[in-house]
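Peer 1: Letter by letter, the chains look like this.
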Amino acid sequence: MIVALKKITGKAPIKIWHKENDIPNLDLIVIPGGFSFGDYLRCGALAARSPVINVIKNHISRGGTVLGVCNGFQILIEAKILPGSLMRNKKLLFTCKETTLEVQSCIKNPFLSSFKIGECLKIPVAHNEGNYFAPNDLLKELKEEGRIALKYSKQKDNEKNYNPNGSTEDIAGILSNNGRVLGMMPHPERAINYLHGGTDGLKLIKNCVEQIIG
Amino acid sequence: MDTQSQLLKINKNEYLAQQKSKLEDALEMGLTKDEYNLICKKINKTPNMTELGIFSAMFSEHCSYKSSKKWLKTLPTAASHVIQGPGENAGVIDIGDNLAAVFKIESHNHPSFLEPYQGSATGVGGILRDVFTMGARPIALMNALRFGAPDQPLTKHLVSGVVKGIGGYGNCIGIPTVGGETNFDKSYDGNILVNAMAVGLAKKDRIFYSAATGAGNPVIYVGAKTGRDGIHGATMASAEFTENSTQKRPTVQVGDPFTGKLLLEACLELMNTDAVLSIQDMGAAGLTSSSVEMASKGSLGMKLNLDLVPTREDKMTSYEIMLSESQERMLMILKPGSEEKAKSIFDKWDLDFSIIGEVTNTRRLVLTKDGFDACDIPLAPLVDDAPEYNKPYEIKTNKKVLKPSDLKTNLTIADILNIIFKNPNIASKKWIWEQYDSSVMGDTIFANGDSDASVVKIHGTEKKESYGKGLAITTDCTPRYVKSDPIIGGMQAVCEAARNIASSGAKPLAITNNLNFGNPDKINVMGEIVGSITGISKAASFLGTPIVSGNVSLYNETNGKSILPTPVIGMIGAMEEVENALEISAKLDNVLIILGQNDNFESGWVGCSIYQEIINKKYDGAPPSINLEDEKKVIEILLKLNKQKLLTAAHDISDGGLLTTVCEMLFKNNLGLDINLPSNLTNCDSYNPLLQSWCFGEDQARIIIATKDIKKVQLTLNKNNVDFFVLGKTNSTSNLNLKNISTISLNELRNSNEKTIPTMMGNKQ
Numbered sequence: 005m006i007v008a009l010k011k012i013t014g015k016a017p018i019k020i021w022h023k024e025n026d027i028p029n030l031d032l033i034v035i036p037g038g039f040s041f042g043d044y045l046r047c048g049a050l051a052a053r054s055p056v057i058n059v060i061k062n063h064i065s066r067g068g069t070v071l072g073v074c075n076g077f078q079i080l081i082e083a084k085i086l087p088g089s090l091m092r093n094k095k096l097l098f099t100c101k102e103t104t105l106e107v108q109s110c111i112k113n114p115f116l117s118s119f120k121i122g123e124c125l126k127i128p129v130a131h132n133e134g135n136y137f138a139p140n141d142l143l144k145e146l147k148e149e150g151r152i153a154l155k156y157s158k159q160k161d162n163e164k165n166y167n168p169n170g171s172t173e174d175i176a177g178i179l180s181n182n183g184r185v186l187g188m189m190p191h192p193e194r195a196i197n198y199l200h201g202g203t204d205g206l207k208l209i210k211n212c213v214e215q216i217i218g
Numbered sequence: 040m041d042t043q044s045q046l047l048k049i050n051k052n053e054y055l056a057q058q059k060s061k062l063e064d065a066l067e068m069g070l071t072k073d074e075y076n077l078i079c080k081k082i083n084k085t086p087n088m089t090e091l092g093i094f095s096a097m098f099s100e101h102c103s104y105k106s107s108k109k110w111l112k113t114l115p116t117a118a119s120h121v122i123q124g125p126g127e128n129a130g131v132i133d134i135g136d137n138l139a140a141v142f143k144i145e146s147h148n149h150p151s152f153l154e155p156y157q158g159s160a161t162g163v164g165g166i167l168r169d170v171f172t173m174g175a176r177p178i179a180l181m182n183a184l185r186f187g188a189p190d191q192p193l194t195k196h197l198v199s200g201v202v203k204g205i206g207g208y209g210n211c212i213g214i215p216t217v218g219g220e221t222n223f224d225k226s227y228d229g230n231i232l233v234n235a236m237a238v239g240l241a242k243k244d245r246i247f248y249s250a251a252t253g254a255g256n257p258v259i260y261v262g263a264k265t266g267r268d269g270i271h272g273a274t275m276a277s278a279e280f281t282e283n284s285t286q287k288r289p290t291v292q293v294g295d296p297f298t299g300k301l302l303l304e305a306c307l308e309l310m311n312t313d314a315v316l317s318i319q320d321m322g323a324a325g326l327t328s329s330s331v332e333m334a335s336k337g338s339l340g341m342k343l344n345l346d347l348v349p350t351r352e353d354k355m356t357s358y359e360i361m362l363s364e365s366q367e368r369m370l371m372i373l374k375p376g377s378e379e380k381a382k383s384i385f386d387k388w389d390l391d392f393s394i395i396g397e398v399t400n401t402r403r404l405v406l407t408k409d410g411f412d413a414c415d416i417p418l419a420p421l422v423d424d425a426p427e428y429n430k431p432y433e434i435k436t437n438k439k440v441l442k443p444s445d446l447k448t449n450l451t452i453a454d455i456l457n458i459i460f461k462n463p464n465i466a467s468k469k470w471i472w473e474q475y476d477s478s479v480m481g482d483t484i485f486a487n488g489d490s491d492a493s494v495v496k497i498h499g500t501e502k503k504e505s506y507g508k509g510l511a512i513t514t515d516c517t518p519r520y521v522k523s524d525p526i527i528g529g530m531q532a533v534c535e536a537a538r539n540i541a542s543s544g545a546k547p548l549a550i551t552n553n554l555n556f557g558n559p560d561k562i563n564v565m566g567e568i569v570g571s572i573t574g575i576s577k578a579a580s581f582l583g584t585p586i587v588s589g590n591v592s593l594y595n596e597t598n599g600k601s602i603l604p605t606p607v608i609g610m611i612g613a614m615e616e617v618e619n620a621l622e623i624s625a626k627l628d629n630v631l632i633i634l635g636q637n638d639n640f641e642s643g644w645v646g647c648s649i650y651q652e653i654i655n656k657k658y659d660g661a662p663p664s665i666n667l668e669d670e671k672k673v674i675e676i677l678l679k680l681n682k683q684k685l686l687t688a689a690h691d692i693s694d695g696g697l698l699t700t701v702c703e704m705l706f707k708n709n710l711g712l713d714i715n716l717p718s719n720l721t722n723c724d725s726y727n728p729l730l731q732s733w734c735f736g737e738d739q740a741r742i743i744i745a746t747k748d749i750k751k752v753q754l755t756l757n758k759n760n761v762d763f764f765v766l767g768k769t770n771s772t773s774n775l776n777l778k779n780i781s782t783i784s785l786n787e788l789r790n791s792n793e794k795t796i797p798t799m800m801g802n803k804q
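Going line by line, the protein sequences match chains C and X. Residues 5 to 218 in my numbering are what the first sequence spells out, letter by letter. Residues 40 to 804 in my numbering are what the second sequence spells out, letter by letter.
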């Protein structure tokens with residue numbers, strides 16, 4: 005993620021330690037993937053109680069932008085910044101593979117504004133707990149508010165395993181109600197040069213940076 | 040054994056009397072009577088239980104290599120690009136640009152059979168520590184796995200547990216698992232093999248070693264606390280299994296990848312300062328082997344106060360502390376005065392940091408616990424005088440060369456291909472690979488069978504016109520060849536590894552080996568060990584790929600039944616421009632050419648082949664012969680062609696022969712091919728043994744390349760006097776066409792290839 009951000013901005017991003025409770029004003033906070041505290045408890049549950057989370061919540065309340073990827077998404081859910089839950093993958097196996105994501109019709113947000121609705125992005129996933137679940141009333145709310153940002157998508161009509169984790173309605177990423185926070189399971193920072201097999205991830209992060217900084 | 044704290048109430052004499060060892064104790068710890076007598080003589084006293092425990096761990100096969108050392112010394116280990124050969128935590132080679140690749144493979148066979156998840160997870164954790172102990176940041180993990188017969192009841196449970204364990208550690212610590220090999224054979228029913236390999240990168244001038252320096256310097260314990268897990272694990276791993284072996288489960292260590300990650304980051308941060316003089320991880324035989332090896336390598340001594348060792352449980356005895364194999368721990372010697380600075384780094388990462396003693400110039404290991412001397416022994420007998428055996432051996436080789444006409448069948452070529460891709464040994468391992476995070480760190484170019492060797496980009500070597508350097512990594516061994524002829528089998532493992540590295544576009548550089556065998560007290564098993572080391576040596580010297588690190592795992596036997604001899608070769612290679620890396624998948628309108636096979640080649644090698652197993656239901660005869668000149672030639676010409684940017688794909692011919700290799704090259708892009716045949720074979724039918732041997736024979740020193748520019752390739756091949764055979768041009772039909780003999784649908788084969796393992800694991804896709 006640092007490589008991707010540096011590639012786009014030309015500058016190395018500031019790294020924030022999890023025990024930090026005072027940070028400068030920032031344009032964008034990215035909570036990257038990983039296994040915070042080993043994820044021996046529910047994924048992200050311990051990290052969601054780190055001192056830095058309060059700082060992130062303040063940043064969001066000021067209208068700040070946050071991108072949470074994989075474990076970052078799990079932390080946002082555990083911190084109750086985004087709604088719903090991320091369960092074990094349906095097959096109960098860790099899965100690392102390329103997925104196709106379809107951009108959904110959603111509220112104004114800095115992440116996907118340069119993409120057309122229905123446009124497909126090739127971005128890999130690598131997780132054990134990415135099975136997004138939302139109860140019916142929440143699902144209805146997310147739909148009505150246009151907060152479902154990305155869905156796993158078929159490439160062929162008869163494709164069966166396009167959804168890597170069994171998430172509700174193939175959801176891969178959701179937005180906060182102001183559209184400034186995106187949580188997504190796939191890793192855009194792993195699709196940033198042609199040797200990765202594509203640059204769709206770079207496009208997503210680049211769009212986000214450009215929208216915020218201009 | 041009573042705990043020492045209970046003994047605190049008694050006086051020193053009573054305490055010492057209770058601690059004194061007897062011969063029976065030594066036997067129970069896996070030592071022989073002769074070894075016990077040797078110990079008593081060398082240290083001039085009867086050892087106490089802690090001292091005896093230390094000796095038994097250091098004398099275990101796992102730590103002392105007592106059966107194999109004589110032969111390991113014959114391996115070629117030197118070359119101009121070798122920075123550190125065997126004997127350190129890992130091998131180190133120079134890859135240019137002031138960078139060094141640090142790598143090693145290590146087995147965790149016994150623990151993984153008893154407890155597949157933790158056994159394999161700690162195998163990964165242990166090999167990672169070996170690499171970052173040298174000052175290198177790990178960038179890739181590989182593994183070589185062997186399981187019992189697919190239909191054996193335990194196999195599914197073991198595959199599932201081992202794969203989860205490897206993924207569990209590697210995924211969590213955030214280092215990509217980029218590939219490896221998984222095979223099945225009934226000889227592994229009672230002894231699976233889990234060999235894990237790690238590769239790291241360091242600055243050439245910032246390599247850290249384990250030899251202790253400077254009497255009076257502080258000895259520091261860092262990392263996780265010491266618990267009662269894994270006590271005497273090294274001894275357990277040095278014995279055969281019996282019916283009661285599952286009782287040994289408590290000797291299996293428990294992994295904590297998050298602490299492993301913290302330890303990795305804290306150590307690398309500290310190594311960025313000038314504080315660390317020497318460092319050693321606590322792997323097999325824990326604090327015992329780390330302290331003994333550091334002190335003896337520096338020709339110094341060590342005095343440790345075991346009361347200062349951070350422990351997880353109360354009332355641990357000196358014996359337990361010294362023999363625990365708790366994971367995620369390191370022992371370091373720091374520059375005096377840098378303790379505070381170092382401690383602040385470990386505090387930041389929430390890890391224990393304790394000064395537990397000092398380096399001495401006595402050449403003795405002195406330990407105290409609860410105010411008593413727990414151990415006071417000279418180091419020389421532990422290491423220098425450790426037993427080295429010249430065990431009797433007999434190298435048995437099968438010289439019978441099978442002819443194609445010896446194999447008669449009513450199966451067509453299409454039938455055979457179908458059977459091949461339903462064989463779990465050949466079928467795609469995607470079900471396994473998808474459980475490993477292969478793309479974390481963002482530098483993986485080809486993983487998990489995309490290319491013959493896995494390729495990772497070397498972060499930070501990017502240039503304006505290039506993505507930078509790449510490292511290629513592979514693990515290889517064909518145990519059925521080794522069984523038939525250990526010398527040829529040893530050579531073949533090295534040659535196939537080198538071919539795989541070259542097929543990915545990299546120059547083969549160096550080897551780490553993992554020698555897995557049965558009981559060395561058996562004359563034929565010892566023959567397998569000696570023979571395969573001889574073969575490995577021959578091939579490695581010839582190809583200029585020295586052995587820089589490795590591991591030996593013996594006693595892979597259950598109830599007297601030995602595994603197939605499995606000397607796994609882990610090889611790495613480097614390429615200057617990673618965008619030139621080659622995958623196995625050909626593109627549309629590419630011409631496929633076999634390097635190392637000419638127009639007159641009609642009769643394929645069927646002995647010990649997958650094809651023979653299908654026809655005869657067994658492996659028999661001599662394995663395919665190895666010609667090192669030919670091997671070198673195909674590797675060199677392939678690299679030359681790739682440098683001219685003439686190639687689009689490459690795949691070496693190995694298990695399953697020519698046609699299997701062709702199919703694997705066509706699968707991904709849904710291609711087809713009209714295959715040219717040698718003129719004498721064009722009028723055969725599909726049952727013809729000669730034609731079938733041409734299709735499935737496992738003759739060595741052959742690589743199939745794909746090119747868009749046949750003319751230029753032919754020119755180079757002719758100029759360099761290299762044998763080649765033009766197979767034909769890829770088309771979009773998804774059919775394999777053998778003239779008028781057979782048309783085979785690749786869609787069906789692809790389906791078998793992808794479904795075999797998921798079906799075996801009961802996970803239908």
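Quick caveat, the hints were computed from the structure, so don't treat them as lab data. Misleading hints may appear alongside valid ones.
Below, a list of computed lysine-lysine pairs in the DSS-like style, where the Cα atoms sit at most 25 Å apart [said to hold, decoys possible]:
1) C/Lys112 - C/Lys61
2) C/Lys95 - C/Lys23
3) X/Lys461 - C/Lys95
4) C/Lys164 - X/Lys203
5) X/Lys195 - C/Lys207
6) C/Lys94 - X/Lys503
7) X/Lys112 - X/Lys679
Because the structure is a prediction, the values reported are computed rather than measured.
Peer 1: With the threshold set at 25 Å, check whether the alpha-carbon distance from X/Lys112 to X/Lys679 stays at or below it.
Peer 2: 34 Å, violated
Peer 1: Regarding the pair C/Lys95 and C/Lys23, is the alpha-carbon distance no greater than 25 Å?
Peer 2: 35 Å, violated
Peer 1: Does C/Lys95 lie within 25 Å of X/Lys461 when you go C-alpha to C-alpha?
Peer 2: 23 Å, holds
Peer 1: Please verify whether X/Lys195 and C/Lys207 have alpha carbons no more than 25 Å apart.
Peer 2: 42 Å, violated
Peer 1: For a C-alpha distance cap of 25 Å, please report whether C/Lys112 and C/Lys61 respect it.
Peer 2: 20 Å, holds
Peer 1: Measure nothing beyond the straight line between the CA atoms of C/Lys164 and X/Lys203; if it is 25 Å or shorter, mark the hint as holding.
Peer 2: This hinted pair holds, its Cα atoms lying about 24 Å apart.
Peer 1: Please verify whether C/Lys94 and X/Lys503 have alpha carbons no more than 25 Å apart.
Peer 2: 44 Å, violated
In the structure shown, a violation is registered for the earlier hints numbered 2, 5, 6, 7, in ascending order.
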